[in-house]
Amino acid sequence: DTAVSQTPKYLVTQMGNDKSIKCEQNLGHDTMYWYKQDSKKFLKIMFSYNNKELIINETVPNRFSPKSPDKAHLNLHINSLELGDSAVYFCACQEKGRGSRETQYFGPGTRLLVL
Amino acid sequence: GESVGLHLPTLSVQEGDNSIINCAYSNSASDYFIWYKQESGKGPQFIIDIRSNMDKRQGQRVTVLLNKTVKHLSLQIAATQPGDSAVYFCAENRGGSNYKLTFGKGTLLTVNP
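Protein sequences, first through last, are from chains A and B. The first sequence begins at 1 in the working numbering and counts up by one. The second sequence begins at 1001 in the working numbering and counts up by one.
Derived by calculation from the structure, the hints in this document are not laboratory data. Predicted, not measured: the structure shown is a model, and the values here were computed from it. Even for Gly, the Cβ is constructed at its ideal location relative to N, Cα and C. Be aware that one or more of the hints could be misleading.
[Claimed, not checked] In silico EDC-like links for lysine to aspartate or glutamate, alpha-carbon gap of 16 Å or less: (1) B:K1100 to A:D30; (2) A:K40 to B:E1039; (3) A:K9 to A:D30; (4) B:K1100 to A:E58; (5) A:K52 to A:E95; (6) B:K1105 to A:D38; (7) A:K36 to A:E95; (8) B:K1100 to A:E95; (9) A:K41 to B:E1039.
[Stated by the list, open to error] Here are the computed distance ranges between Cβ atoms for each label pair: (10) B:N1027 to A:M15: 24 to 30 Å; (11) B:Q1058 to A:L83: 44 to 50 Å; (12) A:M15 to B:Q1014: 44 to 50 Å; (13) B:D1031 to A:E53: 22 to 28 Å.
The whole structure should be built from the sequences, with the hints applied where relevant.
Below you can see the structure in the form of structure tokens.
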């Protein structure tokens, strides 16, 4: 079974649309993340949730809203999509909570293309 | 700006050779470092990590070296294989109450058969 799964794998949409990306982890980890990887492969953290509580919120536009319905899921909703939102979005999870130094496990990524 | 960077954006080696991928960091407070491998079309995959109280750690065919004096991290891959071709990232945890990884720019390793 895949430890961290994301849907959809590919997402092509028009500017101005609203879309959601879903992430699920079956590792029982407490903390989940969203990262954005640009065309130059640079990985940058966007959000982090620990037990459904937001603990990291980088300077991400308000159009991005994470939602964690339970510990195993962290979804990302994006309003009014812009061309610059085109990127690969990765979900990740970590076993322990805040202050832990354990490694993060990444999902396969969602490739978003905004036309 | 980001404090973690890589000296070489690309590295090409012959199959069977040893590979060394370097990473520089500037934050003295960083106390935990990870190397990730990202194959084309996939998510980053954990390779090896090291805490700041160590200067060397070995895994299967991989070794991470940490030099805190010059804030340098390296990943050594022994007997490089075509399956090692990927982008390699170093990442640092700068400590603090929230666990956040800051990633370097990545090095593309190409292994020639």
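Structure-based check of all given hints:
1. B:K1100 to A:D30: 14 Å, holds
2. A:K40 to B:E1039: Holds, at about 14 Å.
3. A:K9 to A:D30: Violated, at about 24 Å.
4. B:K1100 to A:E58: 10 Å, holds
5. A:K52 to A:E95: 14 Å, holds
6. B:K1105 to A:D38: Roughly 11 Å between the alpha carbons, so the hint for B:K1105 and A:D38 holds.
7. A:K36 to A:E95: Measuring from Cα to Cα gives roughly 21 Å; hence the hint is violated.
8. B:K1100 to A:E95: Measuring from Cα to Cα gives roughly 13 Å; hence the hint holds.
9. A:K41 to B:E1039: 11 Å, holds
10. B:N1027 to A:M15: 24 to 30 Å: 37 Å, violated
11. B:Q1058 to A:L83: 44 to 50 Å: Cβ of B:Q1058 to Cβ of A:L83: about 45 Å, so the range 44 to 50 Å holds.
12. A:M15 to B:Q1014: 44 to 50 Å: 46 Å, holds
13. B:D1031 to A:E53: 22 to 28 Å: Given a distance of about 24 Å, which is inside 22 to 28 Å, the answer is holds.
The structure shown violates the earlier hints numbered 3, 7, 10.
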